[in-house]
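Protein chains: 2
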Amino acid sequence: MELQTAVEQLKTLQAKMHAYYHAMELIFYDSVTAAPPETDVGRGHTMGILSEERHKLFANEQVGELLAYLASHKGELDKQTAREIEELQRDHAMLSRVPVEEYVAYTRLLNEADNKWLKAKNASDFAIFQPCLEKIVAFSRKLAGYYAPEKKPYDALLDQYERGATMESLDQFFSQLKAELIPLLERIEAAPQIDNSLLQRPSPIERQKQLTQYLMDIMSLDRRYAAVGETEHPFTVEFNKYDVRITTHYYEDNLFSSLFSVIHEGGHALYELNTADELMYTCLGEGASSAIHESQSRFYENIIARSEPFLRFLLPKLCELFPENYANVDAENLYRAVVSVRPSLTRIEADEITYPLHILVRYELEKRLIGGSLSVADLPGEWNRLYQEYLGVEVPDDRRGVLQDVHWAGGSFGYFPTYALGSAYGAQFLAAMQRDIDVWGATAKGDLQPVTAWLKEKIHRHGRMQLPADLIVHATGEPFDPRYYIEYLKEKYAAVYQL
Amino acid sequence: MELQTAVEQLKTLQAKMHAYYHAMELIFYDSVTAAPPETDVGRGHTMGILSEERHKLFANEQVGELLAYLASHKGELDKQTAREIEELQRDHAMLSRVPVEEYVAYTRLLNEADNKWLKAKNASDFAIFQPCLEKIVAFSRKLAGYYAPEKKPYDALLDQYERGATMESLDQFFSQLKAELIPLLERIEAAPQIDNSLLQRPSPIERQKQLTQYLMDIMSLDRRYAAVGETEHPFTVEFNKYDVRITTHYYEDNLFSSLFSVIHEGGHALYELNTADELMYTCLGEGASSAIHESQSRFYENIIARSEPFLRFLLPKLCELFPENYANVDAENLYRAVVSVRPSLTRIEADEITYPLHILVRYELEKRLIGGSLSVADLPGEWNRLYQEYLGVEVPDDRRGVLQDVHWAGGSFGYFPTYALGSAYGAQFLAAMQRDIDVWGATAKGDLQPVTAWLKEKIHRHGRMQLPADLIVHATGEPFDPRYYIEYLKEKYAAVYQL
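Residue numbers (the numbering used here), protein chains in the order written: chain A, 815 to 1313; chain B, 815 to 1313.
Think of the hints as simulated: they come from the structure by calculation, not from any bench.
Here a beta-carbon is modelled for each residue, glycine too, at the ideal position from N, C-alpha and C.
A short, non-exhaustive set of chain B residues, derived as facing chain A with CB atoms under 10 Å:
#: 1; residue: Ala829
#: 2; residue: His836
#: 3; residue: Ala837
#: 4; residue: Pro850
#: 5; residue: Glu852
#: 6; residue: Val855
#: 7; residue: Gly856
#: 8; residue: Thr860
#: 9; residue: Glu866
#: 10; residue: Asp1036
#: 11; residue: Arg1037
#: 12; residue: Phe1053
#: 13; residue: Tyr1056
#: 14; residue: Asp1057
#: 15; residue: Met1094
Can you make the complete structure from the sequences, with help from the hints?
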């Protein structure tokens, strides 16, 4: 084979894979934005076929040979192509071990599960979802065995979302968090509590939508390529770097739910929009990992938007849009209300201190589910017990408990820890960023361009060119260190609660 | 080959074709409902690849052999499978003659054209669209040559949308219409004119949306499988018979635009929703032809909804939703306003009498464009001249003139005549239906079930099991006869205008 021809075949293969990805992601996006409620059968039919076609296209011997040939000529290839081969060889090895009929059955199962989960959640009845979740857990364990037979199943799954993450590294990470955050939470709870009732003042949804547009402007989300929709659970999807969709959910009595979700998803969207053009239609044209992705969304949401300078900047806009709510509120009050700590039932509404504890619950549960020491039937009870233990809250029903998140219905076991990792990465990025630019000076003016430019240069533009651990060293000058996160939280909340 | 195996291969092939269809139609649907404005490049990339994969899957020798083998065993097959083979052999013969690279280039061109057309329309500047349209015309002529080299190009294209339609048959059809409708229009214009200003009363869009839901209820559009969206130009798309989307467009000062578009698209949707289950995922699981499809949408829109009994039934609902507008309007006035005839610039807003003349203009122009006797550069001038000649209206700009419809940007040369044919089919269906059921008695009560049941039994459930001409005979007991249409129009409008 001629090297140039082989490289062309490699690019064509990736472009095709990308087209299937686009189609399948859009089918998912449509299912939660525009599709009528009982359309999952036809969607499952199509998803099954497209995933099978995609699997066949990639997980075959010729592709294996092509990749092996190219890998043996790595020295003659440009850096990007060499890196593509690295990633593709890994995926190829994993996927080739999954029989196509199982891969397709799994795709169909997940399509069905999404619908079942929503029904169960609406009815607040875990039993509706339980049989489906049992199948997903069994399938996930099986897939883990195909992906990395030498690893423990949950380690194999973790590696899907954060390369290099293991139960060992995460146990250590979470035990550090637990050791610091549970005492911190106790001290906060012992301190005088902050009245945050101003957050619940009724805010007309039409005005909230105007605020969304304003926030997207502040974040410089280019509306030629980025749009916002509405879904039950906010998320971001990119079909390519020039076609990114974020979603949010509006609640009349919870303006800040939508406000922070827009900024969070906007952070994901900026990452995709800022990926280098030359990575488009390749396997590198997306975020480096789930945790790095979450580090970006949570950076904008928590570090930037939940800061005193940003809220001081935003307040006049809030007064303009909701004059009856904020006329008598000053920036200090708004900031204290926004960052006030309240152990609660719901992950996505949680404050920065309790958030990692919500994740800890999920991490421990899915580790045991996939490890086989917890049955799906016992999951709700264990969920409720851990919420009591770590957060001190009683779970009144499955809807606000074990059914609150879609992730497990999507087969995403191993994803949750990336939220906590991402938060921790973000704090380390902040420390490095502050050495280069005046983060708070710019933020106080509502100018997020310097922050975004820094993140673009250090992280966004590289896509998946580097592994997460390397990217962190490249961006911050040192390996990942959770101390930055712990210090960030302690310092911020000690000041707020005058501890 | 074993017959049973071959049949299974045939079903699998169709299911795969359907999955690609679903993905590509959804990409189109998304592009006009939710996509950010400048996302056509990435979409074109994906559409190009998917259409290529779909082409390769179908237009190859093995499929040709499979079909030939099955065709030679037709006597041993059930009726549905035999009919599938008939349709697929025809498509296979046509598509196999189109080189895959041209097919893909055409898909990409159409994706680009949609965007260009919208820009040109918004700027009211045909020049923006002209180069693109020139390419589409050239491509369409080329495709016509591949499809049916023995036919004149426009005949080959007409046959795509209405099997058996030719310039000869359509020239005859339209000359009959012209001979009857232009004098009828003159008599109407000479009669005392109807004041229809009540149609323009401002109607809050939120209330219009409530009316949409009400109309969908009246039509028994099952919301588990049918949803409504908003687009510039209303349309219907089905991903399968259990996933149908209609769209509409709301104008504050034109309630009836949205009202009739919902009923029109609802008619298309009912056709799809009522197709027999066993035709799902096969090439027969859609409407028999474009004209038959239009016959259904226009039946509900014009024959049912633009009738005195229906409007009398609807008036209380209009009074409830828009009390300030209809408190002093009686049903007779509403009916006369709704059916009032006004030569105008815009096809989709046209009354029943001038509508076929709008189609006639398009038919004559596209016949000449594809025939080669009209250049794209001369199209706007000819458009304006014919509007003056047939409708007596002066076209002030391209936006309201030659750029008003998306069809040519979609490469749909030969589609427009199906609107007029569909209207004519509908009148013949009405005559047959009235022999079986009390159409107006039920309509007066807002009960459209008997009408829909009749259409489902005679037309909807059959999908593409029969050719349009056969379906008409089957449904009405006689071949298509445009006299029903002409009589329907003459009778209805003679009564309204007391001619």
